[in-house]
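> Join the two chains into one complex using the hints; note that each chain is given alone, in its own frame.
Residue numbers (my numbering), protein chains in the order written: chain A, 8 to 121; chain B, 1043 to 1158.
Calculated from the structure, these hints are not laboratory results. This list has only true hints and no planted wrong ones.
Each computed SDA-like pair below joins lysine to any residue, with the alpha-carbon atoms no more than 25 Å apart:
#, chain 1, residue 1, chain 2, residue 2
1, B, K1154, B, T1059
2, A, K108, B, Q1106
3, B, K1154, A, P49
4, B, K1108, B, N1125
5, B, K1154, B, T1105
6, B, K1108, B, S1057
7, A, K58, A, T104
8, A, K113, B, K1154
9, A, K108, B, L1045
10, A, K108, B, I1111
11, A, K58, A, I37
12, B, K1084, A, T14
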Amino acid sequence: GDSVTQTEGPVTVSESESLIINCTYSATSIAYPNLFWYVRYPGEGLQLLLKVITAGQKGSSRGFEATYNKETTSFHLQKASVQESDSAVYYCALTDTNAYKVIFGKGTHLHVLP
Amino acid sequence: GALVYQYPRRTICKSGTSMRMECQAVGFQATSVAWYRQSPQKTFELIALSTVNSAIKYEQNFTQEKFPISHPNLSFSSMTVLNAYLEDRGLYLCGAAGTISNERLFFGHGTKLSVL
Chain A
8 GDSVTQTEGP
18 VTVSESESLI
28 INCTYSATSI
38 AYPNLFWYVR
48 YPGEGLQLLL
58 KVITAGQKGS
68 SRGFEATYNK
78 ETTSFHLQKA
88 SVQESDSAVY
98 YCALTDTNAY
108 KVIFGKGTHL
118 HVLP
Chain B
1043 GALVYQYPRR
1053 TICKSGTSMR
1063 MECQAVGFQA
1073 TSVAWYRQSP
1083 QKTFELIALS
1093 TVNSAIKYEQ
1103 NFTQEKFPIS
1113 HPNLSFSSMT
1123 VLNAYLEDRG
1133 LYLCGAAGTI
1143 SNERLFFGHG
1153 TKLSVL
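Isolated chain B, as found in the complex (with noise of 0.2 Å):
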């Protein structure tokens, strides 16, 4: 069946300070990955979708800058919290769609961040 893996599924970072989290499509080949963001007392808000050979979209109020993405293969994409502060706790998701998903997103179990 088609899964997704997202590790760490915990994390704690000092402020000011940076994290990387990743996910892995097992199953079936992950042609697009969604990462989302849900903060305390917040629903799901999409940050940006990178679609292999395409340039990756960044949804208003994130960016690049501050939340980079890899995808540098149809299984694996990453993204860093760079510069963490309080505002950027929460839960992040990696959603992955692609050979068939049949343009639905497979969800991995989520990375909580806390910031100290």
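Here chain A stands alone, though its shape is the one from the complex (with noise of 0.2 Å):
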């Protein structure tokens, strides 16, 4: 079945940092499937922050990006320097022929030091 792989946490770094966090998928049903980075800051839900649908596309959005690299079954989430306020939970995910499946990574736990 699909699957989806990414940094295992908790990450820490420091304000004014970059930031990467790995991710990498496995679609057996679905050639290109559309690929999403959600962020559940807390005390808050779960919230979409960027989605790309196209192979070869890069998303972005509050200063991070993704690129949908078929290649190598890539969607890393980047940000050349964080702030505090990034310290969330980030799951990379990924939905196949059912919009509504999402299949979702474990998840990443960011702590930013101010």
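See the structure below:
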């Protein structure tokens, strides 16, 4: 079946440092799954951070970027300079033929130190 | 904007008892509602998908007898965990999609279930 593997946390970085959270996927039922990054801030619900549905394209939001790489089946999340307010749990995810069946990674807890 | 309210946020129940959680869509019509569970140390698993005017589809390892779902209208859904035991603890999340969502799920805050 489909699966998503991402950096195991917790990940701790200092404010203004760069960040990369790795994500690789395996999709057996569809050649080009839709790829997502979701974020859960403390005390809040799960929110969509960014979404890319076309291989080779890059998505960006709130300073975060992720590029859909079909060759390496990866969708790494990057940010050049993190802020303390970025502290949250980040989930890489995909959907295949069923748009409502989201396959999530285990989540990566990010701590940004002031 | 489109929002999904889920309640309660946290609940504790005794082993063998049941608990119900609810999900309300605001700002759009929720034609589809998906219920997920995140067990400790695991990722989110889909329990079932409910689409208005269609049968509720349960994933493998989840049954209607254990997790009955109601989706009576385009703004509300509920799910009950019947006879909860330790293995049922975790974070339950509802996601709703429909008009304006462009096939994207909007998620609630989740209901954290603890079982004593």
